[in-house]
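Trainee: Using the sequences provided together with the hints, build the complete structure.
Residues 1 to 465 in this note's numbering are what the sequence shown spells out, letter by letter.
To be clear, the hints were calculated from the coordinates, so they are not data collected in a lab. Keep in mind that a hint or two might mislead.
What the hints assert, rightly or not - Per label pair, the in silico range of CB-to-CB distance:
(1) Q391 <-> C53: 38 to 48 Å
(2) S371 <-> R271: 29 to 39 Å
(3) A203 <-> A69: 29 to 39 Å
(4) E369 <-> N399: 39 to 49 Å
(5) F370 <-> C53: 17 to 27 Å
Built from N, CA and C at the ideal position, the CB exists for glycine as well.
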Amino acid sequence: MTLASCAKDVRFYKWPNISYFGIYETPVDCMSIKSISWSSNSTELVAVKSKGCPVILNVPVKAEQLVEAFECTYIGCASVGTFSNTNPELVAFGTEDGILIYNTKHTRRHQEYIKLPSPIQNIEFSSDDQCFAVGCVSGQIFLFDSNYKPCASFLVSNSPTLSTLAYSKITPHLLAGASKDGILSLWNTDTTDNLLTTRKHTARVTDITFFDSNISSVGIDGKFISYDLRSCKTSCCCDLECALSSLAYLNGTNELAISTMTGQLRSYDSRNMKTPLKTLVALANSSFKKIAFPFNTDISAFPCSGKSKKYSDNYSASGDFSLTSGSSPRRSNFTPLKLAAEGPTEESTFNTYDTVACSKNTDTTDLEEFSKIVEEKIKIATKDFEEKLLQSFYGLRINTSKQFIGLEEKVSHSWNTFVDYLRFSGQGSNCTSCAGVGVQKSNEKMERNSVHSYVVNKGNEQFNN
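Mentor: This is the structure:
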């Protein structure tokens, strides 16, 4: 059996050996694979990328075989893609404009979209394709019949959020939804009755799946919980001590695969969940978003005795239902047993919902949140680097300015010293000249005094004589 998984790329593993089998690598600018879904004939897989057109992959039949990928043209940005359970040529995509039914054989899309009032994050078909459920970011779940007309709507009880959605592949009327608060709700779409509402998880439920007469769930809290659909009671609750991202049952056996947020693939026997049979560390620095086995359509539906509502943990079965109990969409008069290839008509879609401009679907899973965190950290690191670069540049400018200022001061001081030297040198010459003149005048005075004294002395001598 081949197990398909998605994270950054789509990887295939042979089960139960858990041996690597093949890979479809996404382009560099693609952060992750948002969703994967097997075709009803188990030969193809649809993968929705975080950037670019969705692709249809031919599943390899032997190791090292090239995985061929065909782009679904005319589809821009999709949030989820799911194959029909009875027609391997029809795929339902959730896009910014609403729900789009795509024909892989003719590689064409229908011209009209089924409008919804909120971005789409989940699409699930019933086992006979007579209904399909659409989960929105707002927490609402819309149910459509095979004529693409909305016939009911649901809400996870006591929670405004929706984290995952699953339609039973065995019993057509069982639909389950879970929330980010850890609440799980189960409905009978024939009667729109709530069969089960419980809160066993303490954190977001990451995946739910139906198997035989059970429904199982895993969550970030590391718990694996299974419920018996016949009694709507808990049949198994185990703490696997690791944040869990997805689970898938291997049809016809008691074995199931569980993926973790740390990149592990684990194999368990559903009768003993305490110890894994095998563990493979498949991803080193990433986490799985979704794992899936192809479904065996030969398995028949089991009788479900859950006719009345079942409440546990004192949670009410509140829901926004557009149909009253007993007005099943399956009991209405319609002829097609499969999804009509013509697609929805303008009258059936636009008269039911007003055209709402849906914004781009935000990432709601851990991997997408992790991608956002990484992008934010890259932006912060880039900004810090730019700031440090600017600081270094301004620091260099300041140091250079200081050096120029110091050099200017030195030049100015040297110039002032040179000017003072010249000034004082000129004053010294003038003083010497003045001193010479003074000495000369003093000598002349002394000579005059000497002459005067000589004359006086001669006069005295003559007088005495």
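Trainee: Evaluate each hint against the coordinates.
Mentor: To see whether the hints hold, each was checked on the structure:
no., hint, in the structure
1, Q391 <-> C53: 38 to 48 Å, "holds (44 Å)"
2, S371 <-> R271: 29 to 39 Å, "holds (37 Å)"
3, A203 <-> A69: 29 to 39 Å, "holds (35 Å)"
4, E369 <-> N399: 39 to 49 Å, "holds (44 Å)"
5, F370 <-> C53: 17 to 27 Å, "holds (24 Å)"
The structure agrees with every numbered hint stated previously.
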